[in-house]
Every structure is written in C-alpha cells, then in structure tokens.
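Based on these hints, arrange chain B on the given structure of chain A.
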Amino acid sequence: MNASFLLFTLLNTGFILLVSPLFMSLIKKVKAYAQGRKGPRLLQNYLDLRKLMQKEVVYSPNSSGIMRIAPYLNLAVLLLASLFVPVVFIPDAPAGIGNIIVFLYLLAIERFFTALCGLDAGSSFGGMGSSRLMSLSAVIEPTMVIAFAALAYVLRTVNFHEMFAITAGSTIPESPTLTLISISLFIIIIVETGRIPVDNPATHLELTMMNEAMILEQSGKNLALIELTHAVKQTILMAILINVLVPWGLVTELTFAGLAVSCLYFLLKASLLAGLIGLFESSIAKMRLFRLPSFYMMAFFFSALTILMEVFA
Amino acid sequence: MLEAFIYSAVIALITGTVLPLLYRSKKSRKASFGLSFVSSIFLLAFAGTILYTGKEPVFSAIRFLPGLDFTLTADRLSGGFILLIAAVVPGVSIYSVEYVEHAKSEARKDLQAALTNLFILAMLMVVLAGNMVCFLVFWEIMSLSSLMLVLHDYFLEENKKAGLFYFIMTSLSTAFLFMGFISLFKLTGSAEFGSLSYPANDLTLPFLCLFTGFGIKAGLVPFHKWLPYAHPAAPSSISALMSGVMLKVAIYGFLRFLLSISTPELWWGTLILIAGSLSAVLGVIYAVKESDIKRLLAYSSIENIGIIFTGIGLYLIFKLEGIESLALLSLAGACFHAFNHALFKSLLFLGAGSVVHATGTRNIEAFGGLIKRMPHTTTLFLIASVSIAGLPPTSGFVSEMMLFQAYFYSSALPDPLLKVLLIITLSVLALTSALAAALFVKLFGITFLALPRTRCAQEATEVPKPMLLGEAVLAIFCILSGLFSSRILALLGFDLGIPDMLLLGLILVGTCGLVWITVRNSGPSKTRISKETWGCGILDQFPTMEYTSAGFSEPLVVIFKKIYRTEISSTRTYSDTKESIFNSGTARIHLIKFFEERLYLPVAYAVSLISSQVSRMQNGKLDTYVLYVFIAVLTLMTFTRYFA
Chain A
6 MNASFLLFTL
16 LNTGFILLVS
26 PLFMSLIKKV
36 KAYAQGRKGP
46 RLLQNYLDLR
56 KLMQKEVVYS
66 PNSSGIMRIA
76 PYLNLAVLLL
86 ASLFVPVVFI
96 PDAPAGIGNI
106 IVFLYLLAIE
116 RFFTALCGLD
126 AGSSFGGMGS
136 SRLMSLSAVI
146 EPTMVIAFAA
156 LAYVLRTVNF
166 HEMFAITAGS
176 TIPESPTLTL
186 ISISLFIIII
196 VETGRIPVDN
206 PATHLELTMM
216 NEAMILEQSG
226 KNLALIELTH
236 AVKQTILMAI
246 LINVLVPWGL
256 VTELTFAGLA
266 VSCLYFLLKA
276 SLLAGLIGLF
286 ESSIAKMRLF
296 RLPSFYMMAF
306 FFSALTILME
316 VFA
Chain B
366 MLEAFIYSAV
376 IALITGTVLP
386 LLYRSKKSRK
396 ASFGLSFVSS
406 IFLLAFAGTI
416 LYTGKEPVFS
426 AIRFLPGLDF
436 TLTADRLSGG
446 FILLIAAVVP
456 GVSIYSVEYV
466 EHAKSEARKD
476 LQAALTNLFI
486 LAMLMVVLAG
496 NMVCFLVFWE
506 IMSLSSLMLV
516 LHDYFLEENK
526 KAGLFYFIMT
536 SLSTAFLFMG
546 FISLFKLTGS
556 AEFGSLSYPA
566 NDLTLPFLCL
576 FTGFGIKAGL
586 VPFHKWLPYA
596 HPAAPSSISA
606 LMSGVMLKVA
616 IYGFLRFLLS
626 ISTPELWWGT
636 LILIAGSLSA
646 VLGVIYAVKE
656 SDIKRLLAYS
666 SIENIGIIFT
676 GIGLYLIFKL
686 EGIESLALLS
696 LAGACFHAFN
706 HALFKSLLFL
716 GAGSVVHATG
726 TRNIEAFGGL
736 IKRMPHTTTL
746 FLIASVSIAG
756 LPPTSGFVSE
766 MMLFQAYFYS
776 SALPDPLLKV
786 LLIITLSVLA
796 LTSALAAALF
806 VKLFGITFLA
816 LPRTRCAQEA
826 TEVPKPMLLG
836 EAVLAIFCIL
846 SGLFSSRILA
856 LLGFDLGIPD
866 MLLLGLILVG
876 TCGLVWITVR
886 NSGPSKTRIS
896 KETWGCGILD
906 QFPTMEYTSA
916 GFSEPLVVIF
926 KKIYRTEISS
936 TRTYSDTKES
946 IFNSGTARIH
956 LIKFFEERLY
966 LPVAYAVSLI
976 SSQVSRMQNG
986 KLDTYVLYVF
996 IAVLTLMTFT
1006 RYFA
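Chain order of the listed sequences is A and B. Residue numbers for the first sequence follow the numbering used here, beginning at 6 and rising by one. Residue numbers for the second sequence follow the numbering used here, beginning at 366 and rising by one.
With the rest of the complex left out, here is chain A:
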C-alpha cells in the first residue's frame, strides 16, 4: 500500500461510480433516436437513482438474509473489481490487484449472488432468470477465459495494470491480433451486461427476461444499488476494451494535467463505445435462448483464433 495506490482507489473508483450511470443513459438515448423517439435526458439515471435512494425497501415475506445482503455485497465486489481496471492513471499497485483471473471471478461472485437473489423470494420469474443466467454464463465462460488468455498470450502478463501500461505506451495497437480480441471483448460486454441479442434490458416480458426477472422483487435502496452495480460493471468492461484497443491518453504518471486528460479521453472514448453499443442493440433482434450458444461460439472463435495466430506466428 502506498500513497499512489490509495489515491488511485479514491480517484478511479470515484470516477467510475460517477460516470457509470451516464453511459447507461447514453445507450438508452441512442436507442431512442434509432427508434425515432426522443428518449430520456442524459441525467435521468442519476435522478432515478436519487429517487430510489429515498424510497423504502419492500421485502417479500418469503425472502431471507440473502436478499438483504446481496445488493451491498455485489456493489462492493464490483467496486473492488474497478480497482483492477485503471481508467484515470496506472498506479503502483500491490501484487495481485489487477490479476485478470481474480477479476473474472469477482464478476462470478456478482453473478452467483444475483442468481441466489432471484431464487430467494420463491417467484417463478426469479427462478427462471437465475436458471437462464447461470446456464448461459456457464456457456460464455470458456469464451471469456480464452479471450483473457489471448490477452495474456499477446501481452505476456496476467495483470491488467501491466497490460495497460504496455498498450498505453504504444500509439498503435501493440499487435494486430488485439483487434481480433476486441471483437470478442465487445461480445462479452453485450453478454455480461445483458443486452440485445442476449437479453433485453428494456423489457418486462417473461419470455425474454433474464436480468430483469431476477430483480423483480427488489425495491428502493436495494434496487438503486443493483442498478448502480450493473452500470459499474458495464463501465469496467467497456474500459477493458478501450484500454486494449484504443489506449491513447491513459497516463502512467500522476500529474494533475495528465489526470484531466486521461479522464476526458476516457469519457470521450467510452461515450463513442456506448453509442456503438446502442446502435448495435438497435440493429439486431433478440435471439432465441437456445440459439445463444452459437452466438457465443463466434466470440470463442475470434479469441481462439488470436491465440492460434500467436502460437503459430
């Protein structure tokens, strides 16, 4: 633990927390434009969160402690995960912070407890959501691990901080294979944040529900925490893609000007990416549940291809 890392925890986590709801709104806005609507204003998500924070929490009589603890735990886990993905600057972190395997499994904690929450109240919607989430996440897991292994293969380290230090130091992507990995990473963002064609975040129809089904029983502050967790997760995953593909602007030294540049650059790049996600969502239809494994195979193919290229190069 040193001063640089302590400052990093405050700045990085604070920054990610602050901007995460913005990207959620941005995607909604882009989708609305694509559908010919005006859409909610960009600050709407912040207002929603504030309003939810003021409301009382209603629990089902069947629910247990899991439902009361999980929202807090999940946000804490995602905040911990945000330390693994530097956005403002790359600090001198203690060993182990930034390890991509730990990062993957931090996401798994969030999934595990969200799924348990879905089962907790005994509603059939919740059960359906958690069953689908856990099944599909099991099928996407090899893809995620292979994509991250591909990153480790190309950049020869298993630590995000070191990886980004390498990519940020170069003006063009370190290796052309990184572009291939980016396709996989993009699909992973879509899957992990439950967007079309995997899941529809704007729906309340039980046929299509996954993530929304599990949080039907949530209300008030707990719902706010869950929404925030979701937003933070999306930002972190986007940050990985950005730092791998277009890492310009990420500073490794701590200066005030550098920080400002870093933050501004990230805001710009992430906004563009959010726009892209919005367009992607608008241009494609929701897939049938059992068609999804073949969609995941595509991402698997790209990351496996990357590794094979590295192997035989």
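Each hint should be verified, as a subset may be incorrect.
Dumping the calculated DSBU-like pairs for lysine-lysine here, alpha-carbon to alpha-carbon at most 35 Å [claimed, not checked]:
hint: 1; chain 1: B; residue 1: 469; chain 2: B; residue 2: 391
hint: 2; chain 1: A; residue 1: 56; chain 2: B; residue 2: 830
hint: 3; chain 1: B; residue 1: 830; chain 2: B; residue 2: 474
hint: 4; chain 1: B; residue 1: 469; chain 2: B; residue 2: 830
hint: 5; chain 1: B; residue 1: 896; chain 2: A; residue 2: 60
hint: 6; chain 1: A; residue 1: 34; chain 2: B; residue 2: 891
hint: 7; chain 1: B; residue 1: 469; chain 2: A; residue 2: 56
hint: 8; chain 1: B; residue 1: 830; chain 2: B; residue 2: 654
hint: 9; chain 1: B; residue 1: 526; chain 2: B; residue 2: 958
hint: 10; chain 1: B; residue 1: 737; chain 2: A; residue 2: 56
hint: 11; chain 1: B; residue 1: 891; chain 2: B; residue 2: 654
hint: 12; chain 1: B; residue 1: 737; chain 2: A; residue 2: 291
hint: 13; chain 1: B; residue 1: 926; chain 2: B; residue 2: 392
hint: 14; chain 1: B; residue 1: 737; chain 2: A; residue 2: 60
Hint data in this document are derived by calculation from the structure and do not stem from the laboratory.
For chain B alone, kept in the frame of chain A given last:
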C-alpha cells in the same frame, strides 16, 4: 519428538477402534470419537513439523519376515496429505458424536464408531507406508473398512447394490495396483518406495497399471460410477471422509509414484491432462442434472478430482518442457486443490447429512425454505458452496486460480501442438468452473431458499449443537485456508507469486462496510415486509409455483443434450394419407446411462460368460482335480523345456 507424535496418534486411533467394541455404551462411543479428535491434533503437530522443517523420518515398525518390514516413512509429500487428514478429522469426529446416535440399532452405532477410527487409521498408514507391501495391506484395510461403512444400512436393496458395485471397483483398483507394483518390483528388485531411474519405456506398464488403479479409486472418468452409488449409501460422516480424504489418498499414491520417476514421458502428461479435463467437465455436467443431494455431491467430487488430475498433467508437461516455475505452480495448485476440496467437500457432505437428518429425504425437490428453519446449517453450507464454486477470496478459488495462471503463462511452451491442447483443456476447465457455480446456485437456492416444497421440509428443525460445531470447525479451516493461502504456501517454501487473498478479503470487507454506511446515511432507511411475492396479481403464492431443481437445470440439459444421451423416440399414426390428421402415437424418453450400459455391462457380461464356462470344470470330485494338477504340471514342464 516426531515419533512420539505419530505413535500417540496411532495408539489413539487403535484404542478408538477397539473401545466401542469392548465396552458397548454411548460413553465409549463418545470416547472413541474423542480419541480420533485427539489423534488429529497429534497428526497436525506431526505434519506441521515435517512440512516446516523438511525432515524425513523413518520408523521401522514391525518385521514380519526377513525382508518384509512394515516401514513407515514421511516426507513433505506425505506430510501434506497427513495435514489434509488432520484437517478433516476433527470436524468429522465432533459431528459424528451426535450423528452416530441416529442409527437404528446399538450394535451398528458401536460398529460405526469403531470402523470410522479404523478407516482413519488405515488412510493414515497408507500415507505413511514406506514400502509397497505395507502400502497394499493398509490400502486393503482402508477399502474394506469403508466398504463395511457403505453397507451400514445393509438391509436396503439399493445399498446392497451400491456395496457390491463399490466392492468390485475397489477390488479392481487393488488388482491394478498389484500389477503395477509387481512390475515395478521386477524392475528394481526392491519393494521400497524410492527414486526410479529407468528408461521410460520400461515404465510404461507400471505407469498404465498404477494410473488405472489409482484412477479407479480416485473416481476418474470412466471409472467413476462407484462414487454416485457408494456416497448416498454411506452415512454422511463417512461420505465426508471418503470424498474428502480417501479419494485424496489415491491421489497421494499416484503422486508418490509419479514424483519418484526421473524419466517420465510426455504422453503420460497428455494422457493425465485429457483424462482429468474429461472427468472434470463430465462430472459437473452429470451433477447439474442430479436431484439427489448426496449423489450430486458425489458427481461434484468427480469434477474436483478431474481438476486435480488436470494440475498433475500440467505439471508433467511443463516439467518435461523445462518450464520449472510453471511445473511447480501446477503441482502446488493440484495439491492445494486436493487439500481445499477435502475441507469444503467434507463440509458439504456433513451439511447434506444435517439436511437429510432434518427432513428425512435426499431429494432436493422436496426441500426449500430451510434457511428459516436451519439458519446455522445454511450459513455453514453457504461458506462451502461459495468455496467450491471458486469465488474469491475463498480457498476453492485460490487453487483453481493457480491452475488458470499456469495455463495463462503457457505461451512459453515451445511446442505449438501442445499449446493447442492446452487451449482446449483451458476452455474445458473454464466451462467446468462456471458450471460448478451454476450447480451450487441450484443446490443452495433450491435447498435453502424460498418456500418449503413438502411437509418434511416444512417441519425441519435445526440439528443438535455437536453437529453444527463439527461443521463450523471445517468452515473455519476452509475460510482460513483461503485467506492465508499465499502465506501458507510461502511458509512451506512455495513462493508462487499468486495474489494475496487476505488483502483482497480486507478490501472487500472494507468496501462492503463503506457501501453499507454510505447507503444507510443517505435518505431514510425504512423497510417493510409485504404480504406476498409479486406474482402477476395472483394473491397466494404456493410452493408449486417455485422453480424446481429439474427446472433450474433444464437450459443446461438442453444445451448439453448430446452428452446426456437422452433418446427421445416417437411414433405417430395418422388418419389420412397426407399425414395431417393425427390419430394416435407414443413417445418415449430414455436416459442412457452411457458408461454403465456401454462400458461396464459389456465387460461384466463377458466376465460372467467366461466364469460360467470355467465353472463347468468344477465337479467336486477329488480325482478330477488331481487330473487337472497332473495336466498343469505336464504343460508347465513342456513349456519350460521348449520356451524358457
């Protein structure tokens, strides 16, 4: 000092075995489990000293015949596995004090107490064995004592079948071990365990025999079928010992052989890696579909044994390719996973035992809502579930991470084909660990959360204190082993550069607290319990509306239907020639037990066919047998004359 520790432990276990048979009372049963608890403390001290100082003591215990000693030795490998025994036994023995009293008859209670001690003793002696004879003797005692414990409820038809199945498989395992050890003995001329420096093609036969023998006992696919039969039949405390410790003793035996070879071959590593990955993924895929709680856990053991073998395979591959650091990382990962699996799987079996005790059934579909009725059991079960699902900062995560890390660094391998193999097995490992998470969401969620689905779950009550205490001891070990993983490994001299879980855990707890405080202080913190779970306007919620275990795993069953080999056949008859008006038809869903129907049964039929032919030679008349002996002698003489 070391001798004192080990002899005290052995004496305590022997006394624990004899006592309940001599003095048949509740008190002596208690004393017997007390003795196994005491022995585990001695073992802990013994294993700790061995591991820390690296001493390699040799105790020559009894000399039966010239050249046939019962030598006991210990080194750091056996020290690690003794530590494993010493970590599991305290929890199990405290749990058993109360658990054993639920058996139906006094005689069986005494027998269970005695056999538990004998079983622990046998496993300990196998690990301490210094030569092959000693190893095999205690190996057989271990198998037979566990067989008797599997047959604890011998009057149930399914348990008879389970016992027979287990007996055949374990005898098969011993037969392969005999073959392996005899062929080693032929090479070296000595029955002592020691380093082997022979050309690898001489060692092919011993390797294959020992791999099969230990593989059967450890439950490697395709020799795994005895596990899902034996575990539900045995009492839960015994399942905990069998799954937690006995399978690891088989791993120990295999490692003892493998590490003594100075010239292994690459294809061994490949074979072990592939067999391990296959076991891991098939084990968990079968487990997902299971709805018998103990059978599900048995399949999950097959999965974890697969992960351990994956680590061993990786070790061999990296070692032969000259990447020492990764070889060490994989081997340490495999051993640490064996240790961790021992802890959380025994905890899970004990928890399952409590649940079965409270509800009277093993069927997950009958559970539900136990979190309100058995809160302490639930908490302990959750700790184990989180661990086995491999979530940081628990122990299950650390050992899996070590393997993942070894895989991720494998770009240093020179051989491209090996790399491709590693990529494939890596994705299999990833699939396995994600499926394990799904499995334990299902097991925990369906068992403990929501509303009780049946009367027996409705009326369940918390189990007595000793049972909870036994589980709690294991849970504490489980947590400590996760948080202090990198420190423990560093203390043992393995500086592997893995992330520090203590730091991670502290940050996580800190962040949790921070989030809690911030949220509490922002806005009013009112909560209300509503009347019901929202159900689209349906006012009363019935347990039948909940998701079931089969429903939960349905998507995975559909995705992996090729593996489950579900045969759906249907016939239709129509009233018209254009086949548009449906008249009648039949549909049939058949689950093929692939390994049983396609692998075990053909072998069993062949064996019974041959033996029925052989049995025709038996007619019970002395002169016929004399004739057989005469023919045999003649044949031998001819044979030695012309071929020797």
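Results for each hint:
1. With a C-alpha separation of about 14 Å, the suggested pairing of residue 469 (chain B) with residue 391 (chain B) holds against the 35 Å cut-off.
2. A C-alpha spacing of about 46 Å is found between residue 56 (chain A) and residue 830 (chain B), which places the hinted pair above 35 Å, so the restraint is violated.
3. Note on residue 830 (chain B) and residue 474 (chain B): the hinted pairing holds, with a Cα-Cα distance of about 19 Å set against a maximum of 35 Å.
4. Note on residue 469 (chain B) and residue 830 (chain B): the hinted pairing holds, with a Cα-Cα distance of about 21 Å set against a maximum of 35 Å.
5. Taken as a hint, the residue 896 (chain B) and residue 60 (chain A) pair is honoured in the structure, with Cα atoms around 18 Å apart against an allowance of 35 Å.
6. Note on residue 34 (chain A) and residue 891 (chain B): the hinted pairing holds, with a Cα-Cα distance of about 33 Å set against a maximum of 35 Å.
7. Taking the CA atoms of residue 469 (chain B) and residue 56 (chain A), the gap is near 60 Å; set against the 35 Å cutoff, the hint is violated.
8. Of the pairs offered as hints, the one joining residue 830 (chain B) and residue 654 (chain B) holds, with about 33 Å between alpha carbons and a cut-off of 35 Å not exceeded.
9. Taking the CA atoms of residue 526 (chain B) and residue 958 (chain B), the gap is near 16 Å; set against the 35 Å cutoff, the hint holds.
10. For the given pair, residue 737 (chain B) sits about 32 Å from residue 56 (chain A) by alpha-carbon distance, which is consistent with the 35 Å threshold.
11. Note on residue 891 (chain B) and residue 654 (chain B): the hinted pairing is violated, with a Cα-Cα distance of about 41 Å set against a maximum of 35 Å.
12. Our distance criterion of 35 Å between C-alpha atoms is broken by residue 737 (chain B) and residue 291 (chain A), whose separation comes to about 39 Å.
13. Straight-line distance between C-alpha atoms of residue 926 (chain B) and residue 392 (chain B) comes to about 53 Å, which puts the hinted pair past the 35 Å bound.
14. Between the alpha carbons of residue 737 (chain B) and residue 60 (chain A) the distance comes to roughly 27 Å, so the proposed pair stays at or under 35 Å and holds.
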